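K.L.:
The lines below spell out each chain.
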Amino acid sequence: MLDAVLLFREALHGALIIGVACAVLGVYVVLRRIVFVGAALAQLSSAGVALALWLAGLGWFGTTHGHTIGLSLVVTLAGALFFGLGGGRRFLHHEATIGVTYAVAAAIGILLIAKAATGEAHDLFLQGNILGMTRHDAVELYWVVVPVLVIHYFLAKEFLFVSFDPETAQTLGYRVTRWNLLLYLTLGIVIAFAMQSAGVLLVFNFLVVPAVTALLLARTMLGAFALSIAAAALAAIVGFVLSIPLDLPTGPAIIAVSGALALLAWLVRRVRGE
Amino acid sequence: MSGLVRFEGVSLGYGRRPVLTDLSFTIAEGDFLGIVGPNGSGKTTIIRAMLGTLPPLAGVVTKTPGLRFGYVPQREHVDSLYPLSVADVVIMGRYDRIPVGRRPSDDDQAKVRQALEQVGIPDLAERRLASLSGGQKQRTLIARALVGDPTVLVLDEPTNGMDLVSTTQILGLVRDLHDVRRLTVVMVSHALNEVANYVNRIGLAFGNRLRLGGVGEIINEQVLSVYGLPVEVNSFDGHRVVVARSGGSPRA
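Those protein sequences? They're chains B and P, same order as listed.
The first sequence maps to residues 3 to 276 in the working numbering.
The second sequence maps to residues 1181 to 1432 in the working numbering.
Derived CB-CB ranges, DEER-like:
id	chain 1	residue 1	chain 2	residue 2	range
1	B	GLY101	P	HIS1257	17 to 27 Å
2	B	VAL102	P	ARG1196	20 to 30 Å
3	P	ARG1391	B	HIS96	34 to 44 Å
Quick caveat, the hints were computed from the structure, so don't treat them as lab data.
None of the values given here were measured: they were computed from a predicted structure.
All C-beta atoms in this analysis are idealised placements derived from N, C-alpha and C, irrespective of residue type, glycine included.
Whole structure, please, built from the sequences with the hints as guidance.
P.N.:
Written out as structure tokens, the structure reads:
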């Protein structure tokens, strides 16, 4: 089994990087009650991949990894910008806008892939193919994730304040929209890159479930971030290791372990009686 | 008393719809102003304009340079899902004084302890926000407003949903902050009885207008008829008591 795990070590490495980055951002996603923004952005990212493949089939666009991720990033960041600026809140309930974005992005992705010349081969982009990750993919993820985590480390105080009490933050002179936009943009960047290998479902899982696990147990914000990272890393390792001998799809195995950890955290919370 | 905030011909609203029009008044240093009015009359809208979070549709709101507000939002807006301690919440009131990317200093922490002592909860610094009672939560928010050394304390419905004891304690605390610390206070409340017995001046928001006056000028049967019910104002042991007459039916 160890040989098999070592064979896919770059994939495990990649899953850990994605898990840690999403786990940090996920604490804000859950606390701000925007979990479906994460899902909608992941879906937009996959629609971006599909658009790149469709355009490549028409001969209007290159077929390199750079082209695919470039278009996916543009589409995801457009979505992040939209939601960061309020997501049409003036006219529609926020959740309705997220629902429309999610459904339409998913449908467009499927339609474009169906018509893309190279579509079938690239279905995995939409579902994710964590085992297919290479050393190059992992290095690329580092280039994205490390700056995002550094930003979040230094701006933790600002992100926390505008998330917890935007009204008071505004009275103290904080430009809340700009801070929200920065938070959403970091979210969009991580999602766009993570999506290339992990797929919508696994990215959504890493954005939500470890943070939920952490918030069930944590007594401080620092504790919430630490527990969220630990839950994501543990789920990635255990899910990965179990999936190989049991011949299970890796992404869903990681998600199942994440879910089990969340259940365990809920039970601990109940026992604690808080 | 000098003017700290001045509203001149101000109209306020959301989108293009005005909620209040032609507001002209001054908040002076040492003032204790209560803003009352029926639901939806624009009480909170006035403080949002004062705090600068809602630009006026017309007119001008001018503030003394260097003026600092200590804002106490409605308690219901504070999310207990966040794993924050009382001290974590209070220190947020100093975040605008701490450069971006920096952590709070020892001096900031000392200010937090001072503010918690001022509101009478120094022993709760490490307690989780989610575990606090309504009154304790309100004191935490007042401490957060005080920790930034404000010139004007602005409170939005500070006693909403509180029992009699907590209400009396919170209003007593606010009164002390005004009397002892000489803070200028602006308080929005739907509870006429509370406002009538604690503030020095009252602004009654109704029908797109704000009527300002002394407590006796506003808290009387004639003026309070804007609520649409016959109202009786009595005096008991030096306290004003406002009661809606039984059997009264809402005005059409």
